[in-house]
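Each residue of the sequence shown is one higher than the one before, counting from 4 in our numbering.
Accuracy of the hints is not assured; some may be wrong.
Pairs of lysine to aspartate or glutamate residues, derived as EDC-like cross-links and limited to a Cα-Cα distance of at most 16 Å, are as follows [to be verified]: (1) K35 / D235; (2) K354 / E92; (3) K370 / D331; (4) K217 / D235; (5) K115 / E153; (6) K275 / D334; (7) K49 / E321; (8) K217 / D233; (9) K163 / E273; (10) K370 / D338.
Read the hints as simulated data drawn from the structure, not as lab findings.
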Amino acid sequence: MKEVVIIGGGVSGLTCGLNLAENGYRVTILEKETALGGLARSFFIKGNWIPLTYHHVMITDKLTQAYIKKFGFLKELRWIRSSQSFWYENRIYPLSNLWDICAFSPLDFKSKVRLSLFGLYVWFKKDWDNLRGIDCNKWLNKMVGKKTSELLFQNLMDIKFHMPLSNISTAWLGNRLHQNIRTRSTYGCIESGWQQLFESMAGEVIRRKGKIVKDFEVTKIAANNIEGMDGDTNRVSMSADIIVSTVPPPIFKRILYLPDKTQSLLESLEYKSIISFVCGSSQNLSQYYWSVVLKPNLFFGGFFKHTAICPSAIRDGESIYYFFTYLDTNDPILDYKEEDIKNLYLCDIKKLFPDFCLNWYKIFKIKFSQPVFIRNYDNPPIELADSIYLAGVYRQFPRPRTMDAAFYSGLETAKYIINKYGKN
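Can you make the complete structure from the sequences, with help from the hints?
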């Protein structure tokens, strides 16, 4: 029976570990945090599990729904329809269908027609691979016009990546737009929280003779040997026949001792950071789940109303919001004290909502939160080196970087290993 160590207990790690355990491999999952789920992990407050960053399931997320069903949470999956909205010069516009586009006053009539036709094009186009390497800025200028491209798409890229459209993968953006339109503004959540699903997956790994080790930081990998430190700062060593990394490549690179050529492959993958300001308020700031702030330019790029899609999380009439800010990984704001970050958010929230009243808040800073799918992006291989394998959303280009992509990547890597070594 082959011993497998998986670094990272997020969605990809749990999915990979579960599938390997189901096929006879002896699996150990090492998770640095005290809770499983990676970027989708949750904290507990007022009787609810609340994700650190906004998470939802879409109609198109078939694999996510399959795992929800597999572990008996389908009866708790609630679907809510809510338009995506855009703030522009202190006015809010829903922008999810043809009628919304017609009412979007920042655009003239011709621009609205072109944007509507572009929406139909995105709806029907399924294969976006032929747009790999295409200049995204030129493509959008051709499809919707320069004004619309700058007002909508460049502003969105400024919020998310702080880079020009010409640097972004057209294939990825097209896939992302296709998915958003196909969801028909319908979002889902597990009423008891995503954490329950992750713990159920971990429980099945354990039932199949595997191990889940939380609060364990891997510090070095050399050949088949793994060194790390547990929650009591004890140094621990172990070995494995197979090692799977599901952590962001910039983190994996620091602990992996391999030839420079392999290291440079990991180093070339660019990431962005996120600050997630999660808060509770008795005020209803918006009827929409997802709001993007195009103008004015604020510290945060937009906000999600968690309780819009998960009303069971409402306690005493309180709504829960995520205000999010994407940053470069070396941005000094990541080192700010929590109180200073809170004040940055409150200052700009009150520019939109002068009477905003904060009941509670949590701040989460995630340095490597999302890969940047730049123009000419290539997925790194599953098999990085002998007995060392990769899984994670950064391997799912041009698929949108969602929880569903994490499930797919974990499953894909598990199937690759099983195909190579066979069932144990």
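#### Entry: Violated hints, by number in ascending order, as checked against the structure
none
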